[in-house]
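Q: Listed below are the residues making up each chain.
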Amino acid sequence: MHIMEGFLPVKHAIGWTVASAPFVAYGLHTINKRIKEKPEQRMLLGVAAAFTFVLSALKMPSVTGSCSHPTGTGLGAILFGPTAMAPIGMVVLLFQAILLAHGGLTTLGANIFSMAIVGPFAAAAIYRLAKTAKLPFGISIFLAASLGDLLTYVTTSCQLALAFPDPAGGFAASFAKFATVFAITQIPLAISEGLLTVIVFNALARFNPKELKEMNVVTAQEVQA
Amino acid sequence: MLIEQSAYTNRWRRVSPAAKGLFTLCGLVAAFAAATPVTACGIAVVLCAVTILGAGIPPGRYLRVAAPALLFLFVSTMSLAVSLKIGGSVGDVSLHMAQTEYAKVAQVCGRSLGGLAALLFLTLTTPLIDIIALLRRLKAPEILLDIMVLCYRTLFVFSEAVHDTITAQSARLGYANVRLSMRSLGGLVANITVQVWQRSQALHLAAMARNNDGPLRFLEHTYPNFKRDMCIALCAGTALVALSMVIV
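Chains as they are written, first to last, in this note's numbering: chain A, 1 to 225; chain B, 1 to 248.
Isolated chain B (complex conformation) (with noise of 0.2 Å):
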């Protein structure tokens, strides 16, 4: 996992996580409050600055984490930019280009391209466990955190699991055709399915032994700069929104 990866290893892994999602908040309320399109887009080309050159990450790995939203923006801006007329008969559609909807599909794809940038801002540059102990301060219900805790723990043992026995069945030619790698996809997920029960059962032993009897905890992290880093986000991000509402 590419952002993953980017979130230990980024120049601010040290900031506290609240001032980032403080600036994070600001950032899409900026994309969501700007006068006009190019607003929008300026936005998103401060808050992609701000991730690269601030945090440090490869414009390479940006640009591939954010491909899979692009292509959804694309395609779905290209729907927009089109006008489906459908007739009073059978089979009288026309299709043309609406062009009093440039300017919504202008609007759309800043503001789109402002939330994509202020998301990437917050998960490229802040691990989930940090995210989840946010939620946990801002009193997020107790079982969701719990869910959220076992779910991140456990989901690299299955990744694992998933990535030696794709392994496994590729060297038996298990995904040599469709045929094959449809019966070897299915055993497989059967084997992980079975092991959804077995791993929390086995889980819940140990937590048993331990004499767990209620909600997951774990040792937080402390950061010491937390004021200072508070009020660089706020005033980075209060700048940041001024500036979507003026500039027009």
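For reference, chain A alone in the conformation it holds in the complex (with noise of 0.2 Å):
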């Protein structure tokens, strides 16, 4: 769910790109350290935003009976790691502005914050409780992606209950409302793409395991699973 183009007023628009620059630069000096180690990283991740951009355009089957677009958030921090997602996402962002007209530039700091931050660092941190919980391997994904996406479309509607509060009741009833709306479409989004993500999984582990070992995603022992 992408904010548009000057929706937000000017000082949320400024004070979301001031708080998710540190991550995306903190993601910057992480990919520069990778590459000095393992320079064909450069190409790994420049390949990863177009696979990501990709996947977003790809239509999914929801569970409602419509069709919608999958993030991508949940699949990409277990792939990539939540760290290298925020660059990453905010280049995928900004080709969805530009080529999609899907965001915007004023809110690009506003969408990075939701999609390229909290949606992997929350599926990312999931994925390792379910896995410390010792959660059956595929549940692990599924609650990794379809929380991920959750949390993403709750942190878009506390930002703009945030910018816009209800005159009546507020944040509160400002968060409801958007909320509400909002769940008709990411809630069925956000199961179908947990479905997907355990799918996607699946298939990588039963056709290419090899591949899957040596991308580091998953241990020997999941694999056979």
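FYI, nobody ran anything at the bench for these hints, they're computed from the structure.
Any given hint could be a false lead.
[Claimed, not checked] Heads up, simulated DSSO-like pairs for lysine-lysine below, C-alpha to C-alpha not over 27 Å straight-line:
#, chain 1, residue 1, chain 2, residue 2
1, B, K139, A, K36
2, B, K104, A, K11
3, A, K134, A, K210
4, A, K213, A, K134
5, B, K139, A, K33
6, A, K36, A, K213
7, A, K210, A, K36
8, A, K131, A, K36
9, A, K134, A, K11
10, B, K139, A, K11
11, B, K104, B, K227
12, A, K38, B, K139
13, A, K213, A, K11
14, A, K131, A, K210
Combine the two chains into a complex, taking the hints into account.
A: Right under this line is the structure:
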């Protein structure tokens, strides 16, 4: 769910850009370190950004019967790590604004914060927690992808509620309004994306176990399971 | 991608991207600085007219590109126009039209339309590769530009791979129902995921074979009328900002 160009007031647009900047800067710093150690990572991250962009353009059947587009937040965070996802997400969101007119330039900071920072970090944290709790691999992936998606949408609703508090009920009422309106599309999307991510990892484990182990995404035991 | 087609085929393809970027920036400033919602809508109309009449973008294509953003604007402004009152007891929730908010809704609508028109002016007239070159001149971080260049060049390869795979899957009734669609889509994404690693390895080998050890550089276009373009953009942009502040 991208906030469109010009929708946020100036103070909020600048505020969210400032909030996102350290994460993107740290992400670039870690990417630079990774490239110094392994030069092939330069190509990998660029190709990963293209993959995330193409993924977001795919039509996915939603549980309500309609169609929606996956965000790739959970999948990207598990495959490439949440810190790398901030700059990758920034590039993808900029491309979406320029090539598809989804989102905008003044709202780029707010969209980065929800989709390239909160979503991936939440997905990665949930995946780790689920692994620590020794939940089955499929359930861990489903929880990470769908909750990462849900938290992205909750963050966007928070951003809109902070910018436009309700005259009667304040922030809480405004958050309830935006969260309810966008829940119609976002909750089915989160469930569908969770299921899709599980199917993707199952297909990888079945047809490409060698590549999956080389990617360091899962252990040999998980691939066998 | 409709935007990409227009960006390469519009009348202002050879106008300096810096001039188009400057005019876009002025358009955004004008949309945000507009004194009234009507003025902001006027700015949007001017930017829209410049894009359609000046750059020669077909109006139908313009509307199709703007449609998703307009849908978001409609849903969000409807949420703003309705006020939710939460009472003290459980279930004491009431919805009513917030008449005091109408001015704010109009302001947000006008600003968003102006901002969207400015963004569409840039995207429909300037190819992404020119915007990347402009960012390079503005000293954006080299690694970010490398990711952008690689992303731009690879996304068409992936788009082709996705299109071919979907055609093959559809021919085998892979998208006949929801269950099969999810299964086919899962297989497709898994296949593309593996290609991310394979293609990046191949690209790295190709770059190494050409002694590449740093940033990816490409020849950039030269713009003979750069100074003229910048002057026109500056004058038009300043006029737009002045109008937005003066007209009440």
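Q: Checking one constraint from the list: CA of A/K213 to CA of A/K134, max 27 Å. Satisfied?
A: holds (19 Å)
Q: Is it true that the CA of A/K131 sits at most 27 Å from the CA of A/K210?
A: holds (21 Å)
Q: Holds or violated: are the alpha carbons of A/K134 and A/K11 at most 27 Å from each other?
A: Roughly 44 Å between the alpha carbons, so the hint for A/K134 and A/K11 is violated.
Q: A/K131 and A/K36: Cα distance at most 27 Å?
A: violated (30 Å)
Q: Compare the distance between the alpha carbons of B/K139 and A/K33 with 27 Å, and conclude whether the hinted pair is satisfied.
A: holds (20 Å)
Q: Just to be careful, I want the Cα atoms of B/K139 and A/K11 compared with a cutoff of 27 Å; is the pair within it?
A: holds (25 Å)
Q: Verify the proposed pairing of A/K36 with A/K213, using a straight-line Cα cut of 27 Å.
A: Satisfied, since the Cα-Cα distance of roughly 23 Å is no more than 27 Å.
Q: Given the hint that A/K213 pairs with A/K11, test it: the Cα-Cα distance must not exceed 27 Å.
A: violated (46 Å)
Q: Taking 27 Å as the top limit, are the C-alpha atoms of A/K134 and A/K210 close enough?
A: holds (23 Å)
Q: Taking only the CA atoms, is the gap from A/K210 to A/K36 under or equal to 27 Å?
A: holds (26 Å)
Q: Mind checking the alpha carbons of B/K104 and A/K11 for me, to see if they're no more than 27 Å apart?
A: At roughly 16 Å apart (the allowed maximum being 27 Å), A/K11 and B/K104 satisfy the hint.
Q: Regarding the pair A/K38 and B/K139, is the alpha-carbon distance no greater than 27 Å?
A: holds (25 Å)
Consistency with the previously given hints fails for numbers 8, 9, 11 and 13, ordered from lowest to highest.
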